[in-house]
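There are 2 protein chains.
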Amino acid sequence: MYSIVLQILFLISINCTVIINSYPENECNLDNKLVDEIQSYKNVTKQIIDKIVSGGFGTKMYEDYSKFIDTFGARLAGSKALEKAIDHMVNLTRQNGLNDVTTEEVDIPYWQRIYESANMFEPYLKKISILGLGTSVSTPAEGIKAEAIVIKSFDELEKTDENKIKGKIVVFDPPFVSYGETVVYRSLGASKASRKGAVATLVRSITPFSIYSLHTGAQDYENNVTKIPTAAITHEDADLFRRLQNLGEKIVLKIHMSYAMSRKISRNTIIDLKGKESPEKQVIVSGHIDSWDVGQGAMDDGGGMMISWFVPVILNILKLKPRRTIRAILWTAEEPGLIGAEAYLTKHINETSNINFIMESDEGTFKPLGLDVAGSTNARCIIAEVLKLFTPIDKMKESEYPGSDMTLFVQKGIPGASLLNENERYFWFHHSEGDTMNVQNQEDVVACAAFWAAFSYVIADLSQDIPRQ
Amino acid sequence: MYSIVLQILFLISINCTVIINSYPENECNLDNKLVDEIQSYKNVTKQIIDKIVSGGFGTKMYEDYSKFIDTFGARLAGSKALEKAIDHMVNLTRQNGLNDVTTEEVDIPYWQRIYESANMFEPYLKKISILGLGTSVSTPAEGIKAEAIVIKSFDELEKTDENKIKGKIVVFDPPFVSYGETVVYRSLGASKASRKGAVATLVRSITPFSIYSLHTGAQDYENNVTKIPTAAITHEDADLFRRLQNLGEKIVLKIHMSYAMSRKISRNTIIDLKGKESPEKQVIVSGHIDSWDVGQGAMDDGGGMMISWFVPVILNILKLKPRRTIRAILWTAEEPGLIGAEAYLTKHINETSNINFIMESDEGTFKPLGLDVAGSTNARCIIAEVLKLFTPIDKMKESEYPGSDMTLFVQKGIPGASLLNENERYFWFHHSEGDTMNVQNQEDVVACAAFWAAFSYVIADLSQDIPRQ
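In order, the protein sequences belong to chains H and G.
First residue of the first sequence: 1, per full-length UniProt numbering; consecutive thereafter.
First residue of the second sequence: 1, per full-length UniProt numbering; consecutive thereafter.
Incorrect hints may have been included.
Where chains are identical, the list cannot tell them apart; a pair therefore holds if satisfied intra-copy or between any two copies.
Cut-off 27 angstroms, straight-line C-alpha distance, at most; resulting in silico cross-link-like pairs (DSS-like, lysine-lysine) [said to hold, decoys possible]: (1) LYS227 <-> LYS192; (2) LYS254 <-> LYS127; (3) LYS164 <-> LYS67; (4) LYS264 <-> LYS281; (5) LYS127 <-> LYS264; (6) LYS250 <-> LYS60; (7) LYS60 <-> LYS152; (8) LYS84 <-> LYS250; (9) LYS274 <-> LYS51.
No lab work stands behind these hints: they were computed from the structure.
Source: prediction; values computed, not measured.
Required output: the full structure, derived from the provided sequences and hints.
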């Protein structure tokens, strides 16, 4: 899950109402005919779910998923592993009998990690584990040796005399409040510290829980700022620096960081199950196929990509062709900043009026709970009614901008939803070596896939479009 | 916490009854006078606890503890950091007004980690994080490159044809059942695999939970076995190897490991608060001051060492001199195999009849719950009665061998107890980079210290000795 966009949207949407339960019916005045029509999908949704959960299709999908993850591992935007993974998914689609699969090229940045190390030299020698943040510049070859100053917040940074920051390595140690609130120190910390003369920044990893864990992620240099190296450190080391500073100790660090930056061509992957009545109208289901370069990208976003890929594939196998086209998109280069989604939207800008609904799974495929929905009250009322088909997977949350890649579409007024799931521990593993198949549970992923496919089918097949604002 | 001893004792004590609640009173026939005497300590125990929890002494102790951990960091047996840490605790004792502090030299092994790396070469290139196990031999300078075979259990190893093991790197991936049950793969795996011709072993880290975490610990080569290098790997990589093997993939690994082994002199630290009536009789309170070389050894066993050190120090400050001597012992070299405790017992073998009770805290200083007790029914009845003074810290568990260093004493028939605390996550951090001050909570550590001091005082002051078997 990309974070700078989320962080900005967090600031926008912090005051939005959030409801985590069924949508209040008294606000809805759905036509009885529509309600009856929705409820008439009970049998077909049950059939889809049964086939996936008990009929072997879910097991096969999970095996394909596990093999995919273990074969390609981390799939950094720009890497060969990502392009091989894309080829694999194209072939897998065809092997499953769906031939309407294409890729569209996207020009993307390729930020490559080469070498990183850090040591504390004063008050004593200690190795400090670091993990550079996306787009960080390198240190000079001889490294950077400087005194560190630990800063809790941007507010504290602002209030600190410039002479105390100049020439220093700024260690940001904000307490984790929420991802959206805390990630600004990762995404904007280097720029803010650089403006006050810092020579590098180290940021306490953005996670609520750590076993000496490092979490990378995107960061952006603001315009006209001296680009300084920036990396994540563990909670443990950040808190150690804080305690040493509180004891009055002088902290001297030396860091070596080396990265390469170039551009590459990658591809969005588009898989269509053409609609039988209005093939020009689309319901998009999506996840991103790229990941960071640590762990396996199993959770972020291998699982979400896989269950989205599976929607047109399984419906085709089950010979369930909805009225509208179901288009699965495997976004490329989400992590460096929604690059694939942006390229797609630019290329397909004339089709946006045909996108009936957009779905994204990019916050885990743990036990499914329901949907996080953006759209008009009318749209939400219809979604709430459809969710009743899936009890107990019927929770509904409202957000102005749910999801990550889909944000760009929601901004255009297209209604959409992201998958709600029991992802309380999502950020324990997010963007870290811990994001592997070990965090996944077959039963949960299959349940997500079954819900995702059956829900998409209903939305794509309803006689009525999902209304916009 | 040392593990080979525990593992052996686990096999001995697996059938022992375990009770986690107050001791059943109907089995006890304590003399009314004794019961009254015990209950008469209510005021003094409350006074001790109040002074520690609310009177500032606990806060000061925690500050000393935190500073100790952050100043000396990991304190590997044989390292200079450990000896400096011992000097520091001797000085800290005197600074707190207790001068009856001595050290006793112990000849210990010094196993030093120099360099470690591992890569998977087939089916594709991937860095594998490893952490060598204590006493592991080095690989040849050019490393070991060999095919890996993943083995779930010793039973499976036994049943596997020798030709399938010979020349291979054996990866043990036992599921974590309990520490005692699973740690045998760490402590004995290399010897067992070596006997079947393996060239190295990698063992799934002994923990119930992982964020790509590595956990070291002791291992022993059996006699007359070819010593092969052995290291811990993460759950994530062990499970990846298992899945690749299940897919029929050939797994080729290359490992480089380098260690140095020598001998050093370390010291047990002995701090006495001499008894006012029977100074020759002792109640020992203890924890070990050494740690592994990863993390800070804050939990294992900085916390237990500190609260035990604090007992004679705070009672001396509060001018509470019990009948018997309270002896705090800061064991050295527990991790390589209870070396300090064994040396102490050998040197003081003629005094064992004077040890009235031995206490140890080496399983965490989280929220205190009560005690894990070894001793006769009579002894346990008295302990249960004393615990009533500390409700709700009154839970009692029975074990044949609670604790680690104290095991050697309990084997001699000396009754004793280790601290029960809310340590469900203990093994998440144990012997890993995650064992830092971050896992500690000031309120909990202070509560442990208060309970530990007040309980020790009562036992050391009772008119009656704790009866042996």
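* Asked: Going back to the hint list, which numbers does this structure go against?
  -> 4
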